[in-house]
Amino acid sequence: MFKTIGCLLLLFVVAMAQSNAAQTGADPIRQTLTSAVRNVRLETWQVNSSQMPFKTASAWSIQKYVLHGGKQEGVDVIVLNSGKLTITVVPTRGMSVLRVESSELVLGWNSPVKEVVHPSLINLQNRGGLGWLEGFNEWMVRCGAEWAGHPGKDKFINNTGDEAEMDLTLHGRIGNIPASEVEVIIDRTPPHRLRIRGRVDERQFYGPKLELWTEVSTEPGSTTFRIEDTLTNYSAYEQEFELIYHANYGPPLLEKDSRFVGAVKRITPFNAHAAKSTASFAQYVAPTKGFVEQVYMIEPFADAQNQTTVMLHNAAGDKAVTMRYDITQLPYFTLWKNTTALEEGYVTGLEPGTSSPANRSIERKAGCLAKLKPNETRRFMIDVGLHTNKDEIARATAAIKALQGSQQMQVSAQPVKVE
Amino acid sequence: MFKTIGCLLLLFVVAMAQSNAAQTGADPIRQTLTSAVRNVRLETWQVNSSQMPFKTASAWSIQKYVLHGGKQEGVDVIVLNSGKLTITVVPTRGMSVLRVESSELVLGWNSPVKEVVHPSLINLQNRGGLGWLEGFNEWMVRCGAEWAGHPGKDKFINNTGDEAEMDLTLHGRIGNIPASEVEVIIDRTPPHRLRIRGRVDERQFYGPKLELWTEVSTEPGSTTFRIEDTLTNYSAYEQEFELIYHANYGPPLLEKDSRFVGAVKRITPFNAHAAKSTASFAQYVAPTKGFVEQVYMIEPFADAQNQTTVMLHNAAGDKAVTMRYDITQLPYFTLWKNTTALEEGYVTGLEPGTSSPANRSIERKAGCLAKLKPNETRRFMIDVGLHTNKDEIARATAAIKALQGSQQMQVSAQPVKVE
Amino acid sequence: MFKTIGCLLLLFVVAMAQSNAAQTGADPIRQTLTSAVRNVRLETWQVNSSQMPFKTASAWSIQKYVLHGGKQEGVDVIVLNSGKLTITVVPTRGMSVLRVESSELVLGWNSPVKEVVHPSLINLQNRGGLGWLEGFNEWMVRCGAEWAGHPGKDKFINNTGDEAEMDLTLHGRIGNIPASEVEVIIDRTPPHRLRIRGRVDERQFYGPKLELWTEVSTEPGSTTFRIEDTLTNYSAYEQEFELIYHANYGPPLLEKDSRFVGAVKRITPFNAHAAKSTASFAQYVAPTKGFVEQVYMIEPFADAQNQTTVMLHNAAGDKAVTMRYDITQLPYFTLWKNTTALEEGYVTGLEPGTSSPANRSIERKAGCLAKLKPNETRRFMIDVGLHTNKDEIARATAAIKALQGSQQMQVSAQPVKVE
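Residue numbers (this note's numbering), protein chains in the order written: chain B, 1 to 419; chain U, 420 to 838; chain X, 839 to 1257.
No lab work stands behind these hints, which were simulated from the structure alone.
Some chain X residues well away from chain U (every beta-carbon gap over 10 Å; in silico):
id	residue
1	A864
2	Q869
3	F892
4	K1203
5	N1227
6	A1232
List of simulated lysine-lysine pairs, DSS-like, C-alpha gap at most 30 Å:
id	chain 1	residue 1	chain 2	residue 2
7	B	K256	X	K1211
8	U	K533	B	K373
9	X	K1127	X	K1114
10	U	K792	X	K1127
11	X	K1228	X	K922
12	U	K792	U	K572
Note that beta-carbon positions come from the ideal geometry of N, C-alpha and C, so glycine has one too.
Bound conformation, chain B alone (with noise of 0.2 Å):
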């Protein structure tokens, strides 16, 4: 029923041994990081390529540890080197994304958070509902999942089948929330995909009963990652949801004249204060000191097979990170533009997602919120390009303005939020 926790490293490859003796050898290696179902949870672990029964175009490696000192005491981390990326992943704050980096860029900001901390000691209730901030640091946290928009009041069903009223927090807890279970899987056969994967639940009685297994991969030697989830409700009733993908880019992406390109249908400022600013929404300012966010909603165009591209690129545009997703799956994108000091957090956001961040109450009057049958499973995906070369980016932003084309960016002038 439960297992000595340590490194198993040796125990591994002897079964890796055993199991390509036994099997067809097209059946994925599978390790379990952490399982609350057996009981498992490996503090240290490690697996590399040369360890492995085939050859790869990049070494690469896989090392699971823990955090240790102060507010990350005990907070798991799992590394992910392809050979050409680092990909570092945060089990016990929700399978977030903490960093990727390459030998030229660096995806991820500089917090005024400065450790990854773990989520019993934050209270998301606390500043009015605004306790998420005091872990917010990652490259790519999830918003979610039975909220995640911004805090406030909104109704729910309570146990006694009255309809009751409850405190949202900001962003909702799944990134808060450490995960289940965790496994690292490597395909024996080529291209050898990487993955890492973890089920986040938030469960209650007499609440959600949604499961969240994410999933990010990449390839030996790829300079692209993917974020594949599925979320599905283990409800006997119909569940609504909001989930999203809050990617955040400090420098070197994000500097005075750094871009946001995407293919714009409409756009809607947020509140008055971001409405102001909407003409130049794409552009970036240098740090400064008094900057209030901007925060615009944005639907894009897409191709036929409904994928749309968003980029931003540095002032030079030679460095730029592209994502790649679905606008059937996450059909509301926000841009949340917060250059401010440096020292506050420079940053901007790229977050495509089920909803905007406005309070669900306002999104579900607005018809805005995505909801899930009983035992419905969503697919969620998103293709992270690193791009470091000019050609490469003018290639990215020439397959953008494809999309757009000829149609005309609609501005709504009525800001979301009317204060």
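Given the coordinates of chain B, assemble chains U and X onto it according to the supplied hints.
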């Protein structure tokens, strides 16, 4: 001042042998598993009947271990196997009893909460004071001790001596407080009773000074077990308290046509919704999507020694649980019927308590709130029997009917909670 | 990137020898116990004077360990034994000082809270914002740093740049934040000062960027010790802050006819209740059931170097504590008299602070709220002396009386908090 954590089995056996020599042989064997006072926490420990200097009818064992993964990381669990019953106690969650199993019967239910959630990850104030539901999956969880009922505002005396207002949270805090002292006691003398004891403190400056010593015990080979608790008020002042033994049953005891059997002096529906179905309070339906909980407050009849017995049996009448207790200790019995869809938690609660589960302010007004004088201790004892024999169940039914005799059940038309 | 946890004593000694050879001998010996930056946390560690390459007047030792059991599971503790004083520091609870003991005297009190409670089990928002009281049992706990006073609503600037309202909780957060960096420093040169240092961060996105470096230090054989802290604002903006050194005394210093001795320029009762007893503010009563706290705000006189001394001595005048500090650093002194029944916590607080313990909104209005400019650092230093000699205490009394001289104590008739 502090001790190495580890398996102290060897030391334990040696100590036993030594104490055997030095003692009269009548003192029980004691093993501390956790002690905040002595700075001890054994992560793993086990003992079994073959290591004892005496023979018992059945082989038995007691095992302590720690849960890993997700929300249950670091949760302590003790499993007592009496040879007939397996009783799982969770020190980290207030000495709750997670599950009781025999070869033919299980006491417990299938909650949507799948993990044994660590209290550090639960905010009782969530969802308008319903955060308790995020960890609710035990066979028996104690509600209490400063309050045990529904959430809502109630008054208290603050540090400046003024009456202030606070938000009570559902079912109180005791089920989410780690036990400060945990020990196993094994009687050297027949019938060699096996006890798991734990002390859970609700102590705070300018607040309650309540200590609850809990005990779950059984005998080798027995199909009954006993819960025996004492609650002491270490304040200089009189202290209000509430304690409800929230014992929960799903299949196989709960199914279509299962029945509750009790000697009922008076029954009061909790609200207008429950009042509509008072006539069928003792019968159960199959899992029913959309079913809204029905709650009934029952004053039972008792024998000359103040003992009453309540029973839940399945449709066939060949599987049952009985709970026998003193109505002067636990005068208010709550029957909670929540025969909703399986995914939502198909469950019924048989809940002896010192009060009803209404908000403490309501109980106070109704004069149903118990108090402890300074240094006063109250004792609470429940004998639980597992029955898998028709004749035995028929005899138990007859005994309960004898308590009722020719006395009529009174039905209060007026619900406890007027809406 | 990460380090094995364990006793690194051997490495430490070797490192000392090496550094001795390589250095001038003047650099102090440093040992990191916790570092979030370097991913280090030593669970156990110890050092003592016999391992040093120098001799000291008294044998001394420093020991780090982890508490186990109940609510204190995983709490780090450091015990510094100077030969004369034993000082217990709790890194996990904001570097609070749990207790200071000499052979004849103890600084501390007997709180109803018996365990050293892990912050992950405390919800500061409990009981209408009084959750802090669930862990309150230290000799000295710092209140602060974003706010330090009574609970209640106050304004703040939220993410959208708007003024919003939040619930402040009693005495702020810093006492329940684990230290991110902890180190021991031992001076190689006489008088071989022994220091325990720790950094506690109140950092958050859209919130404070405060870092508090704390230090508790003494010399081998000394009966005095020093608290020396620095608070730095790493925000781009000016930051309000409050810091109160909540030092608490029970028996033997507190008893019937104990006395507070201070040079008082002005005294202001906190509320109408305290105002009734201002005349006897310096005297103490025996444990008194039903006693309601009396709180007085004191502006002390100081010498030409801005130093003031306050003292608490027992009835016989043969045991005393003195606290000496700079009134330009800590202009507001709070005297908290809580001479209630022993079970409830018979205690008095001598509390130098940057402000009074009223809600921050009141302090702001009164113009008593300190601010730090961007990158500004303030220093706070308190010298604490333990005295068990009548002559010594008489001399300290005379010195305090000299500060007062012929100057009259002014009494404010109007309490701080008008009800």
